[in-house]
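Single-letter residue listing:
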Amino acid sequence: RKEVEQDPGPFNVPEGATVAFNCTYSNSASQSFFWYRQDCRKEPKLLMSVYSSGNEDGRFTAQLNRASQYISLLIRDSKLSDSATYLCVVNIQATGGSYIPTFGRGTSLIVHP
Amino acid sequence: GAGVSQSPRYKVAKRGQDVALRCDPISGHVSLFWYQQALGQGPEFLTYFQNEAQLDKSGLPSDRFFAERPEGSVSTLKIQRTQQEDSAVYLCASSRSVRSSGTSHTQYFGPGTRLTVL
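Same order as they appear, the protein sequences are chains A and B.
With the working numbering applied, the first sequence closes on residue 113, and no number is skipped along the way.
With the working numbering applied, the second sequence closes on residue 231, and no number is skipped along the way.
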């Protein structure tokens, strides 16, 4: 079982729709959670950090549920330009003690007219 | 300011050839990470430096993979005797730090080096 799991999708939604992605992680001691966006053949770029209290940035809302060990990303009023792969990242402690940013495989979102 | 840069952007190697991939992190960034990304997958951790110290190399797939960051700035990932399964995009990322508590600053990624082994 992978340490960070995401549904690969694709999620195919019309413009204006609301879409939500979940990401589960296996290590309860995990610290620091992020959502990154990756466009086709480009590098990942930070979309937003995820805080315990939940946080919102415009149309994007991220939440953390430590009890159930998942984070979520909600996108409201989807735009064509939101089409991309959304990567979940969790800092997981390795056996040597250091924390390693661990990526999920990503969820593909396609927003169509 | 300048972001993370990587070179070459594309590399085609014959099976058995050695390759060296370079990463220039953002100036002043203490932490540097190397990832391998196969098609349709998320980036897989390879190794991590804090300044010149390689703190974790548990993700390196075999002893053919070697990374260094001798002066705590530029890093090189070397792959010896390349195999077809090494074909992937190799991403480098830097950040201000990763704290011992596990919290960390944002990672900034370079554009990657796309390696194709024939």
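Everything labelled a hint here was simulated from the structure, so no lab data went into it.
Do not rely on the hints blindly, as some may be mistaken.
Claimed, not checked - Below, simulated DSBU-like cross-link-like pairs (lysine-lysine); rule was C-alpha separation at most 30 Å, straight line:
1. B:K127 to B:K191
2. B:K124 to A:K79
3. B:K170 to B:K124
4. B:K191 to A:K2
5. A:K42 to B:K124
6. A:K42 to B:K170
7. B:K191 to A:K45
8. A:K42 to B:K191
9. A:K79 to A:K42
10. A:K2 to B:K170
11. A:K79 to A:K45
12. B:K191 to B:K124
13. B:K170 to B:K191
14. A:K45 to A:K2
15. B:K170 to A:K45
16. B:K127 to A:K42
17. A:K2 to A:K42
18. B:K127 to B:K170
Verification of the hints:
1. A distance of roughly 15 Å separates the Cα atoms of K127 (chain B) and K191 (chain B); the hinted pair therefore holds under the 30 Å criterion.
2. For the hint pairing K124 (chain B) with K79 (chain A), the CA-to-CA distance comes to about 35 Å; that exceeds 30 Å, so the pair is violated.
3. With a C-alpha separation of about 23 Å, the suggested pair K170 (chain B) and K124 (chain B) falls inside the 30 Å cut-off, and the hint holds.
4. Between the alpha carbons of K191 (chain B) and K2 (chain A) the distance comes to roughly 27 Å, so the proposed pair stays at or under 30 Å and holds.
5. Only pairs whose Cα atoms come within 30 Å are accepted, and K42 (chain A) paired with K124 (chain B) is accepted, the gap being roughly 16 Å.
6. Restraint check: the Cα-Cα separation between K42 (chain A) and K170 (chain B) comes to about 25 Å, which is no more than 30 Å; the hinted pair holds.
7. A threshold of 30 Å between alpha carbons decides the hint, and for K191 (chain B) with K45 (chain A) the separation of about 25 Å falls inside it, so the pair holds.
8. Our distance criterion of 30 Å between C-alpha atoms is met by K42 (chain A) and K191 (chain B), whose separation comes to about 22 Å.
9. A C-alpha spacing of about 19 Å is found between K79 (chain A) and K42 (chain A), which places the hinted pair at or below 30 Å, so the restraint holds.
10. Distance hint between K2 (chain A) and K170 (chain B) is fulfilled; the C-alpha atoms sit about 19 Å from each other, no more than 30 Å.
11. As the CA atoms of K79 (chain A) and K45 (chain A) are separated by approximately 18 Å, the hinted pair is consistent with the 30 Å bound.
12. With a C-alpha separation of about 13 Å, the suggested pairing of K191 (chain B) with K124 (chain B) holds against the 30 Å cut-off.
13. For the given pair, K170 (chain B) sits about 13 Å from K191 (chain B) by alpha-carbon distance, which is consistent with the 30 Å threshold.
14. Restraint check for K45 (chain A) and K2 (chain A): the C-alpha separation of about 22 Å stays at or below 30 Å, so the hint holds.
15. For the given pair, K170 (chain B) sits about 23 Å from K45 (chain A) by alpha-carbon distance, which is consistent with the 30 Å threshold.
16. Under the criterion of a C-alpha separation no larger than 30 Å, the hint pairing K127 (chain B) with K42 (chain A) is consistent with the structure, at around 25 Å.
17. With a C-alpha separation of about 24 Å, the suggested pairing of K2 (chain A) with K42 (chain A) holds against the 30 Å cut-off.
18. Simply put, K127 (chain B) and K170 (chain B) have alpha-carbon atoms about 26 Å apart, close enough for the 30 Å limit, and the pair holds.
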